[in-house]
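**Student:** Chains A and B, in that order, give the protein sequences.
All you need for the numbering used here is the position in the first sequence, starting with 1, plus 35.
All you need for the numbering used here is the position in the second sequence, starting with 1, plus 89.
Wrong hints could be hidden among the right ones.
Unchecked claim - Stretches of chain B that chain A covers, calculated by requiring three or more beta carbons in the stretch to come under 8 Å of a beta carbon on chain A:
#1 184 to 193
#2 295 to 309
#3 449 to 461
#4 516 to 529
Honestly, the hints are just simulated from the structure, not real lab data.
Think of the CB as a built atom: it goes at the ideal place given N, C-alpha and C, for glycine as much as any other residue.
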Amino acid sequence: MKRIIPTLFLLAFLMASCAPVDLNAALPSVETNVDTNLWAQISAGEFYFGQHDEIQKTGAYETMITDVTTAQYAAFLNKALATGYIKVKGDQITGYYPGDEFHGVKHEEKIDAGDWLFILMNDPSQRIKFDGTTFTVEPGYENHPMTSVTWFGSWGYCGYYEWRLPTEIEWEKAARGTDTRPFPWGDEIRRENANFYASGDPFENMSTFGSRTTPAGFYNGQTYNGYVTLDSASPYGLYDMAGNVWQWTGNVYPGMHYRFMRGGSKDTYDMNLRVWSRNNATPTYFSPGVGFRCARDK
Amino acid sequence: MQFVKNRLNYLFGSTKGLILVAIALIAVVTAVWGMLSGPMAEMGVRDVVVKLFGMDMVQAEREGRIIILYHSIAMAVVAIETYMITSLIKMKPFFKTGINAIITAGYITTMIFGMSFAYFGHNWAFHGLYIFGLSLIFLAGVLLVIALWPWNKEFYQPDKDYARTKNGVDLERIAFFATALTTVISALFGAVPGSFFGNGFEAFLAENIIRLPEKTTMQYSIIGHLHIMLALIAIMITLIIGRWLNFKGLLHKIAMPLMILGTVVLNLGVWGVATPLEPIAHQIIYTGATPSMLAALLLLIWSWGKLIHDGTAHLQKATIGQKIAALVRDPLKFGPTWQMLFMNFTTSGIGIFMAIRLDKIFRVWPALEERIELTGHWHALSAIIATIILLYYGDMIGLKGKARQLYGWGLLIFSDIALAAVTVFEMKRLFIAEAEQQPLVNGLMLAMDIGLGLLLVMLAIVMVWRLIDLFKKKGRWTEEVKHELSEEVLK
Chain A
36 MKRIIPTLFL
46 LAFLMASCAP
56 VDLNAALPSV
66 ETNVDTNLWA
76 QISAGEFYFG
86 QHDEIQKTGA
96 YETMITDVTT
106 AQYAAFLNKA
116 LATGYIKVKG
126 DQITGYYPGD
136 EFHGVKHEEK
146 IDAGDWLFIL
156 MNDPSQRIKF
166 DGTTFTVEPG
176 YENHPMTSVT
186 WFGSWGYCGY
196 YEWRLPTEIE
206 WEKAARGTDT
216 RPFPWGDEIR
226 RENANFYASG
236 DPFENMSTFG
246 SRTTPAGFYN
256 GQTYNGYVTL
266 DSASPYGLYD
276 MAGNVWQWTG
286 NVYPGMHYRF
296 MRGGSKDTYD
306 MNLRVWSRNN
316 ATPTYFSPGV
326 GFRCARDK
Chain B
90 MQFVKNRLNY
100 LFGSTKGLIL
110 VAIALIAVVT
120 AVWGMLSGPM
130 AEMGVRDVVV
140 KLFGMDMVQA
150 EREGRIIILY
160 HSIAMAVVAI
170 ETYMITSLIK
180 MKPFFKTGIN
190 AIITAGYITT
200 MIFGMSFAYF
210 GHNWAFHGLY
220 IFGLSLIFLA
230 GVLLVIALWP
240 WNKEFYQPDK
250 DYARTKNGVD
260 LERIAFFATA
270 LTTVISALFG
280 AVPGSFFGNG
290 FEAFLAENII
300 RLPEKTTMQY
310 SIIGHLHIML
320 ALIAIMITLI
330 IGRWLNFKGL
340 LHKIAMPLMI
350 LGTVVLNLGV
360 WGVATPLEPI
370 AHQIIYTGAT
380 PSMLAALLLL
390 IWSWGKLIHD
400 GTAHLQKATI
410 GQKIAALVRD
420 PLKFGPTWQM
430 LFMNFTTSGI
440 GIFMAIRLDK
450 IFRVWPALEE
460 RIELTGHWHA
470 LSAIIATIIL
480 LYYGDMIGLK
490 GKARQLYGWG
500 LLIFSDIALA
510 AVTVFEMKRL
520 FIAEAEQQPL
530 VNGLMLAMDI
540 GLGLLLVMLA
550 IVMVWRLIDL
560 FKKKGRWTEE
570 VKHELSEEVL
580 K
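Isolated chain A (complex conformation) (with noise of 0.2 Å):
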């Protein structure tokens, strides 16, 4: 009996670690009333940059106040295929990148110009569907933030709008404002603020599918059906600059092939949601958790 029990509790242990995860689980469905299609206007001049506040300066641009959104990204989709500026090769959905100059330094590998993943269909988090001819979206994900797209996908969708990704300054720049708070909102970070890991919003379920996006604008003070959010925009207007999807930027720097995401997601810690968080990654990887939004010059 007594090596009965330590077993049935290693067995249910074991099994509970590797039950598979719904990962089309029921989505609540909310309308934040915040317009995706809108863009903000940042100001030239200097800010404080990175977690040491030196002082930078950038021009004036403007910045979307929302990342792309799962059904601004379907519509691109359509157009870019009819247009012929994607390819679709099997699961793949690909575009033209022009390539980045090698320099050759240790871990650097070569970006050639050619055709780059844009999105993977068969990706089980893929929210976009594609029946062979038009792309749809998973009811219930329009106005959730599109994921699941490499650095390309995104290159690609601003580009083909004749805009751009922001630079990292840019991004952070939009995000902190002038002063130099640490959160997009100021000073401190409490749940109702941002989509974190194990924020407790409506649509994470932590003992299950874990955290899951939540609609671009999420946290704009409203109440959904008893959950309270709390204002959390930027000085300039823009949401979910911390936390939800990691954001691509446009940077491309000499000697390495990283990619720079910045402002944390939902699978992060509330740390990694401070505005001169970085991450990096491959300009080909893509996940879930991992958005981005765009720029264009005023």
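With chain A held as given, fit chain B onto it using these hints.
**Tutor:** Coordinates of chain B only, in the frame set by chain A:
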């Protein structure tokens, strides 16, 4: 008054008392500050602790706080190892007293004022005292190097069962000396850039800059420093355990030269990271790590052989079962070398695998995933060193019978469950997608929390027992006050 004087004399005047104080202080810091991150933060415990103690947690200063926190804990661990060395290895009494006094003042000053500065508002006098504490520890290190000088005839090894030169110079003492000397030099590789970045208020964590293609000499120096200091603490505890177990014979004669060679080459490689040798530094490091790890393996083979031999000596022909039973009969003697073996699973194996598959696997993942592996395996190594110290401490305080079994096996099982879970957590991306990981993560977190939680509870019980003992007139402390570890080296 005599009551207090006697206790203070034990706590600060005897080896076992000094070790008890350091373990107790580490336990307190670990218990309180462990509640500021991970699952405790998720459950809201962090917010309660921050309010309760009135901690000042400025977001931009997190990295600086963490650096001071782990230096505070590490300095206490260094102090414990130093107490063990001064009690195990022959040296002039003047050095022993001086080293112990200086390092005690050093690590306590570092811990109290460092943590006060980091977490309770920025009183710059406290920061100065924190640096002063670190300087005292450095001074104690220099004195230890002098005290361990092996070419003094007084300290030659007369017994041919141990590794020694033809003239009788004790090779084990040279290994201790080389490790102490390189530790002191390697400390400078942290002190110089530490002053540079500290004075510019630009603290950073090394794991956050790993992928930058170009790093400054100061940044390389920090990276080298943190790697080598932990490796040297691990090498030193291996030597200490070898001395406690009375490692000798043929394997000792092979192991000690390997240990000396490994320590010196390993250090040269790590120091090379901050020099133009950087492109080949890793090859030098691997060259140095190999003999060091071989020496640890020889200690393991010897000690397991001895445990089996001693435990089956009364039998005419022992079966495999009887040999295994003899091997694991005493968890406090079996445990340290078992943990060294287990370390290959949690630290060395992971490190080597990462190095081999870096560009093909780990550098394809996001930087934060790679960071989990890096920080995970450093933490695992630190925890293993801590458990080895605690296993030895269990023997020092004379645990016997069931208490010895419970304490020893508790330490081994709880820590190994937690560390195995940490290792699987680090490597999870190899076999599970991000979107499907939550049940596995929950299971692993539970295993880590249960393992570490029970381990801390067990440590707390021992600390409370020792505290109660201090109030007894003829408690165990009265016996320990005069004991030296060298008297308790196994025959």
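**Student:** If a hint holds in the structure, say so; if it doesn't, say that too.
**Tutor:** Hints, one by one, checked against the model:
{"no.": "1", "hint": "184 to 193", "verdict": "violated (count 0)"}
{"no.": "2", "hint": "295 to 309", "verdict": "holds (count 5)"}
{"no.": "3", "hint": "449 to 461", "verdict": "holds (count 6)"}
{"no.": "4", "hint": "516 to 529", "verdict": "holds (count 8)"}
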